[in-house]
Amino acid sequence: MKRLFIVMILLTVMIFFLLISSQRPSPSARPVVDLTQGRPLAPDFKLLDIDGDTVSLSSLRGKVVLVNFWATWCPPCREEIPSMERLYQLLHNEGLELLAINVEVDGRQTVPKFVQRVPFAFPVLFDGDGTVRGKFGVSKYPETFIIDSEGVIRERVIGGIDWSSSQMITYLRSLLKAGAVLAE
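Here the sequence shown is numbered in our numbering, starting from 934 and rising by one per residue.
Do not rely on the hints blindly, as some may be mistaken.
Stated by the list, open to error - Pairs of lysine-lysine residues, derived as DSS-like cross-links and limited to a Cα-Cα distance of at most 27 Å, are as follows:
1) 1073 / 1046
2) 1068 / 996
3) 996 / 1073
4) 979 / 1073
5) 979 / 1046
6) 979 / 1068
7) 1110 / 996
8) 996 / 979
What the hints assert, rightly or not - Label-pair distances were calculated between CB atoms; the ranges are:
9) 1045 / 1025: 19 to 25 Å
10) 984 / 1063: 20 to 26 Å
11) 1043 / 1106: 18 to 24 Å
12) 1102 / 981: 27 to 33 Å
13) 1026 / 977: 22 to 28 Å
14) 1067 / 1025: 57 to 63 Å
15) 1092 / 972: 19 to 25 Å
16) 1008 / 1110: 16 to 22 Å
17) 991 / 1099: 17 to 23 Å
18) 1106 / 1041: 32 to 38 Å
19) 1091 / 1062: 36 to 42 Å
I should point out that these hints are in silico values taken from the structure, not numbers from a laboratory.
Just so you know, even glycine gets a beta-carbon here, dropped at the ideal spot from N, CA and C.
Can you build the whole structure from these sequences, using the hints too?
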C-alpha cells in the first residue's frame, strides 16, 4: 500500500511537470519585437590590419561591407579566399568593402606567411583576443556578415561558399545600388 502511494505521488508530480512544460507562454510573456525596425545594426569595432593601421567598421558607413571571420588552419576558409578575391576585384570599384578578420591568437605571425602563399588584395584584420568575434556571436568558421550601406546586417553566412557566383554578385550589386540611391 505504501509503495502504491509513492508511485501515485511520483506519477502526479510527473504529470504536473509535463503539463507545465508543454504550456505556451502567454502573449504578454513573449518578447516584443517590432518587425518594422528591420534587422540589427552591425556592432562597431576597431582592429589593426596587417600593416598596423587601425580600421573601424563605422569608417565604412555608406558602403556595403562583407565582414569575414576566418583562420589559416580552417580548410573551408582557405577554399573560399580565391572566390572572395574575385568578388573583391569585381565589385570593389563599385563600393564593396571586404574585411577578413583573422581569429587566431598568433595571427600576426601566421597570416603574413599565408598571404605570401595565397595573395589577396582585401584587408586582413586581427581579432586574436576574440572581442569582435564575441560581439558578432561567431561560432563557426568561416562566418561572414553582409552589411548594407546603413550598417544593417542583411545576411549571415556560415560556412564557405562561392562568393563570385552570379547570384551573389547580383545580390551584392542590388545592395550597392540601393546604397547609392540612399546617398543621393
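Of the numbered hints stated earlier in the document, which are not met by this structure? 11, 14, 16, 17, 19
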